[in-house]
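Asker: Single-letter residue listing:
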Amino acid sequence: MKPLTRKLFRDLRRLRLQAIAAGIVLGCGIAIFVMSIGTYGSLESARDNYYREARMADLATSLVRAPEGIAASLALIPGVSAIETRAAGFGLINLPQVDEPVTAQLLSLPADRRPLVNDLSLREGRWPESNRANEALVNEAFAAAHGIKPGDHISILIRGERRQLTAVGIASSPEFVFVVAPGSILPEPDRFGILWMNRDTLMRALDLEGAFNDVVIRVASEADRPRVIAALDERLGRYGSRGVYGQDRMLSARYLTDELSQLKTLASVLPPIFLLVAMFLIHSVLSRLVGMEKSNIGLLKSFGYRNWDIGWHYAQFSLVFSVIGVVFGIFLGNLIGTYMTGVYREVYHFPILDFQAGLSTYLGATAVGVIAGLLGAVGAVREATRLAPIVALSPPTPTAFRRLNSWVERRAKSLSLRWRMVVRRLLHFPRRSAMTVIGIALALALLIMSEHFPIAVNRLIDLNFGTAQRMHATLTLSEQRSDIVLREIARLPGVILVEPVRVADVFFSHEHRHEREAIIGLPRGAALNRLVESNRDVVEPAEKGLTLSTSLARKLGVRVGDQIRVQATDGPRALVEVKVSRIVSPFLGGSAYMDQAELGRLLREPSRVGGAHVIIDSTQRQALNERLKQIPAIVGVAYTDNFQIALEKLFREGVGFFSNMFLFFSLSMAAGVAFSAARITIGEQERDLATLRVLGYKRRSISMLPLGEMTVLLVLAIPTGLLLGAALSNWMMHQFETDLFSFPLIFDSRAYARSALFVAAAVLAATFWARQSIDRMQLVAALKAHE
Amino acid sequence: MNPARGSVFTLQKLCKSYGTGPATVHALRGLHLEIDRGELLVLLGPSGSGKSTLLNILGGLDRPTSGAARFGDLDLATADDDTLTEYRRRHVGFVFQFYNLIASLTARENVELVSQISDDPMSPDEALRLVGLTERTTHFPAQLSGGEQQRVAIARAIVKRPTVLLCDEPTGALDVATGVKVLESLLHINETIGTTTLLITHNADIARIGDRVVHFADGSIRTVEANTRRVAPSQVRW
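One line per chain: the protein sequences are A and B, in this order.
Each residue of the first sequence is one higher than the one before, starting from 1 at the first, in the numbering used here.
Each residue of the second sequence is one higher than the one before, starting from 1 at the first, in the numbering used here.
Source of the hints: derived by calculation from the structure; they are not laboratory data.
Quantities reported herein were computed from a predicted structural model and do not represent experimental measurements.
Please note: incorrect hints may appear among the correct ones.
What the hints assert, rightly or not - With a straight-line cut-off of 20 Å between C-alpha atoms, the simulated SDA-like cross-links for lysine to any residue are:
(1) K784(A) x G146(B)
(2) K784(A) x D62(B)
(3) K413(A) x S123(B)
(4) K7(A) x Q316(A)
(5) K698(A) x G172(B)
(6) K294(A) x L12(A)
(7) K413(A) x H139(B)
(8) K698(A) x H139(B)
(9) K413(A) x R108(B)
(10) K784(A) x G172(B)
(11) K698(A) x S118(B)
Said to hold, decoys possible - Now the stretches of chain A that chain B is said to cover, found in silico as 3 or more residues with beta-carbon under 8 Å:
(12) 418-432
(13) 773-783
In this text, a Cβ means the ideal position worked out from N, Cα and C, and glycines have one as well.
If we strip away everything but chain B, and leave its shape as in the complex, we get (with noise of 0.2 Å):
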């Protein structure tokens, strides 16, 4: 199911509504999108505009009610339970807003957790290193700052050198330097493995950093806009 060069995910006509009648909520409606292998798409839009449920859809968390996503030959709308699990297992790392790391692992732990269902993961202390995490690797997530917990998540989502990288607002908790940090952190990975990496943010600054933006609203994809001068995380305003 890798898909060659080209196209990571493809999408058509895709769909995903809520509820039914007249409550019915039109979450994404029909969606086109090629998105390329490699590149960093950053997905742009208010709240509820449809980023997030994309994202999802793309990461195997949710199905689509109608249309095609397909991740190489791999049609994410029909695949069932086991091959999504597999599929995330295999090729897809997820980045959250709240980290979402083990409370009970260290950080170590934490990426160990992936790295040890992997089929070729690079070593956890790589991983971290990556980040730029080299110390407090044995602290639990209680002792780490907001950032820090972050950038454990993004070496944990990494560390199975994921086709694709899916990151949900993964500067919306976080400080300006520290959200810096790991902007810099997954652009990084990015650049080093050649990661597809997708990031949602209402930040519209953020959007500079990325190959392409996409504008969400109301469900639907208002525009896609190529970057010809991607700035420096450090760059952005917040």
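So here's chain A without its partners, still in its complex pose (with noise of 0.2 Å):
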């Protein structure tokens, strides 16, 4: 063995505990990169894999009632490379352990074949044989949620009539990954099913005997797809179409798309953070041995050693921390990411799901791991080449402290010799004190945003149930009607009020841009379903004209006062320019909103509306329930209780175990950052403090200078952390908003100080730690050590 390597190897076990802690800090970055970026790959591929091999639609529409010979013009339009027709609706699905009506959407099965477009996989049992009216697939989170299994009897009300299903198999498909019911955020695999039947069955059952009222299409790769939109459109508008649209508006993927951005986002921001901390760790420790060594640098260096020689010797250091940070980050990293796509698995559901990170994750943590460390000894390499071999004979000279400038040094006379020392030695190293700082800040606002995320979805929550929407439940009807229908809702059993729910699917123009958007219209004075702003103010829409959101405003480029362009979707289609009469920040739910009055009258519908809120008396819920399982017209119940219930429990799996691994790898970089400086500092000073021993100052006396050091670096780092972590959170919660919901600003001042705590408690335990060495110190042989 070379006697530099032999050097390497007995350093490094000197080094040890600083290595560990600088590996640490580079393995939570590398360890969320393998996480996120694995989990984001595991994600696409199981999504991209299931959607090919399942032939997932890239278009669909739904529409009134389209005769069955059209089917065959629509596949020649060129571009379509599959099309299938459906039958679809909804139904109540009445099952006897359950009190409330659970919704089902319906889609009809292709006689004698499996779908050419959103295939099904089946999970148990068999395909339903054609020549059985009764038979049926159920989606699997439904039947997992229920028990449902194969041979099982549903009871199911369709259009009024009470049907008898079998449950043959139970399937998925690529068209409900996410199963969410039409006009929910949320996954409620126990109050929303998804049945597949008998093509005949369901279309007699609808009342569309030889016509389809929903298609969903395949298109070529290399087809222009606006062009296929166009003629599809043109084909179908005459039957009542919806207008076609593509993934971007699937329910389903849309969620799944936002989520992948999401993982980018967490890919893209967090391992840099951890890194720079790493990088800078690496730094302090190199640049401390390098300067420690100078005269055996220099003595190396006039043995005849070359420049490179001696740069590459304390590259490998950096080359050791790095392997450290990169085999304890791939580790961490595949366990989170395991456990992560196990969430996912209970909320996306594929075929196959496993936590695959690649290779090529692998070799880029490995490649981001080494060149973190690499840049991290760039200093310290460049500091022990350009060394001249003469300091190895030149005598030690103290380190060239200066007066300060006579401001710092009048307030430094009041002070004690010792936090004299303190002060002028942070003030000495500006740039490692400051990073020192930054890396606990960092720490800090690492933990403050992990800890307001779920704070913030409280509030939301909050505010959602307790300000926006405070319904006791929402009814919604299988189609539009006439608002008589409330005077019935009003007379169910327990109704104590009702406010109509009324939303028109349009499309809106302004110049060259088009969005398609829902207009939610509220009635004057709503009482249950409210418009908040993220301020939290209750808001009412303009009286007249349209108030859009900030989002839509954006995305079509108008302001108030503007004209925008609103075509219909579905009723009497109507086409007309509407004024926007307001623009406002909505925390949750829709992006355009209308009085419900004028919406009717502008969409030339008035009195139409879609369902009703309720607030209910709760000892008459049962009543109310059975009687619900009886009524046609109302396919679906969804009571605000059962939501809030489902959205806590989805993010107490998600969030506990995320704000368990911040706390985890916040505390970790505030711990590695303070013990690595801590012990720098006790090193560099390990002479001074054995002199102050020696002229009669006591063990707890001299603690006193690291001690105090990391203190004042403590005191510094908290508030800046503090500050970073609110803008870092703030920034954190606005990638993390959709078009379905935003954050509200937030301060948690609660929160903020149990995260200021935990850091100060990591920072203070990691410097007496290392304080411990003060307690190792030979006098004797520090006195003999010099620089």
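Hints are included, so try docking the two chains, each in its own frame, into the full complex.
Answerer: So this is what it looks like as structure tokens:
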């Protein structure tokens, strides 16, 4: 073994704790990298494979009724590679063990063949026989939620007619990877199911013999998509098509896309923070080492070692730190990724979803780790190679402290000598002090960010259920009806208050921009469903004209006072020009609002409602449920409390784990930075500390030097971290915002204080640990040691 | 523990060894010595002969393996850590070859470091004056010459009016002229405040400034000779 290699191993043994600290911080960054890139890749490839194998629709639309005969001509449109016409509707399932009626989305299966588009994968049982009218397939999540097995019977109410279906198989579909009821934002597998039924049976039940009301289309990859959509719209328009749309408006596909983009954000924002801090740690450790070994380096050079040999020697240290970080990071990243994928498996129903980071991710992680390590070593390596051999022969010189500016010196006079030492050191090494402050502040900022997320979600939930959506339940009608129905709903058992639900799906156009969105019609003085802005203000939509969300206004490039074109997608398909009267920032839900009466007039459908929000007498809930199970016109009953429970459960599963993970990461970072800084300051001052001991100072009183230094840095780091944390949290929440919801701006002082306390504890614990070396200090040896 | 007139230190069968088994190094092999109050004792001998080990034991920085080293009635061999710290604080002044000044404190502050924790110190300025440093007291060590740094170190050592001053090659890193100044400072202090001074050196000529010279070799005291004619530092040849 070469002497320098032997020196490397011996030095590493001495520096092992600092190597581990730097390795852990680096490893945390690599773990997040591996976890997020790996999960992203696993989710994306699961989606792409599934979409490809099961022939996921590229386009879809629903219509009122189109004759089956036109299907063939649709298939001939250039660019259309496959088409499947379907009957689609809703029914109410009556499950004996469930009080409330459960909504089912009903879809027809082609007779005697598999669907050409949105093919199903059979998980259990068999396909329905085309000659058996009442056989059906049930979606996996719903079957699992209710323990439905092949052979079980399901009682369902479709358009007033009760049917007994037999579930012959359990299936999953690319169309419902994320199973969420229309209008909802959360999967509630026990309250929403999908049934694939015999085509003739469903068509008869929906009064669609010889016709279809839903079509899903696959487009050839090279096709001109807008042209295909235009051609389809043109043919289907006359049959009441609501406009052909792409995967960006298919609920399940949209959720997956949002999830993937959030993972991407995670992968691009967090690892660099850890890598930066790890680089700083490596830089500090190696600079200190080179500083300590100046005379050795000079000596080696005077023996004839080349600069390259010396540089490589110190670079090898960083490689060892990198290896520790990479091994730890890949291990931890796999662990977290596997867990995360498990959480995703509960929510996203893929045939196969396993965490597979792939060789390229591991190679990438290794490259990132090694590069971060080498970059961290650059300063020290440069210093080592630049040292002249003569340094070995020069006598030791004390660190060149200078008087600080007179203002600081005057203040310093009032400090004790030991505090003067602390302050002068901190100011003498401003870059290092600043980096330590930033490292600790970043750890605090990360912790605040992780604490911020569940708090923001809780606030969102509170705001939503406390201020915005105050109904006990929302009833959805099978189709838009006259508002006379509200009077009937008011007569249902237990119903105390009724408010109409009116949502119109429209195309907005302004200049060359187009957006498809829903206008939510709110009655004047609405009490149950209210428009609440991110700042918690309850606002009314303007009496005349449109009220738009800021995000939709931005997409359309409109300002208050602009005229905007609105084309309804159903009913008489009114095409009107409307003035934008107001722009608001709703925290959850829709993008466009109007006064309900005004909306009806505008779309030439006055007094139409799609459902009702209700307040009920809770003692009558059972009776109401019994009655609702019998009403064919109502296809959806969503209780707010159930929704709230589902929401809380979803966040508990994901957020609880994330919070702990971040707590670990942040505290590792804070402790790593503090430990390294304390070790370096103790190491550099070893001779001073020994001198003080010789002069008669006690251990406890000299421990004050590193502790004081770290305390000052901590005191500076905490407010920095709090500000950084607030900024990072709000920026991150902004990244996580989707069209469906935005987060309110919040500042939770208790959470901030808790985070600061955690970080302070980690910093002080690490410093106390590093301080132990003062107890072990050999006075005589320390006095002899000189720089 | 302050010894009355007569002996400051009493050493009996003082041994110090490092390591175990065949690798044992015997740094001190059964020393006997009495050191009188106020005398200037020069410890002379080659490297590794045990001078520094003895100085470290007398300064309460190290403990003997066997035998006794008494400072008055305090047994330095058995005293606990806190007692030794207290002993150093009250009675001992150290001067090292490489000064060991705190780089982040000015000359005056380095002296204050000791005056602030002593019972009856002189003023830092007085201590600095005694070593001939009246200017540059607000300079940091890096801004001082080697001789100036060493004189600050001596001022720091004497400011508490120590009972003993232990100097480990105080002129080892200095040129002749500076070395002379430093020795003059030490002598001046020995004479004016009567501090018992132990001075380690390699230089046989320096030994001529002391009251007695202890010759070390291989961990043992070869001879102890009294100087009948002490010379002034300026007459020392280097």
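Asker: Does each hint hold? Answer for all of them.
Answerer: Hints and how they fare:
| no. | hint | verdict |
| --- | --- | --- |
| 1 | K784(A) x G146(B) | 17 Å, holds |
| 2 | K784(A) x D62(B) | 14 Å, holds |
| 3 | K413(A) x S123(B) | 17 Å, holds |
| 4 | K7(A) x Q316(A) | 11 Å, holds |
| 5 | K698(A) x G172(B) | 29 Å, violated |
| 6 | K294(A) x L12(A) | 17 Å, holds |
| 7 | K413(A) x H139(B) | 15 Å, holds |
| 8 | K698(A) x H139(B) | 27 Å, violated |
| 9 | K413(A) x R108(B) | 12 Å, holds |
| 10 | K784(A) x G172(B) | 14 Å, holds |
| 11 | K698(A) x S118(B) | 13 Å, holds |
| 12 | 418-432 | holds (count 5) |
| 13 | 773-783 | holds (count 3) |
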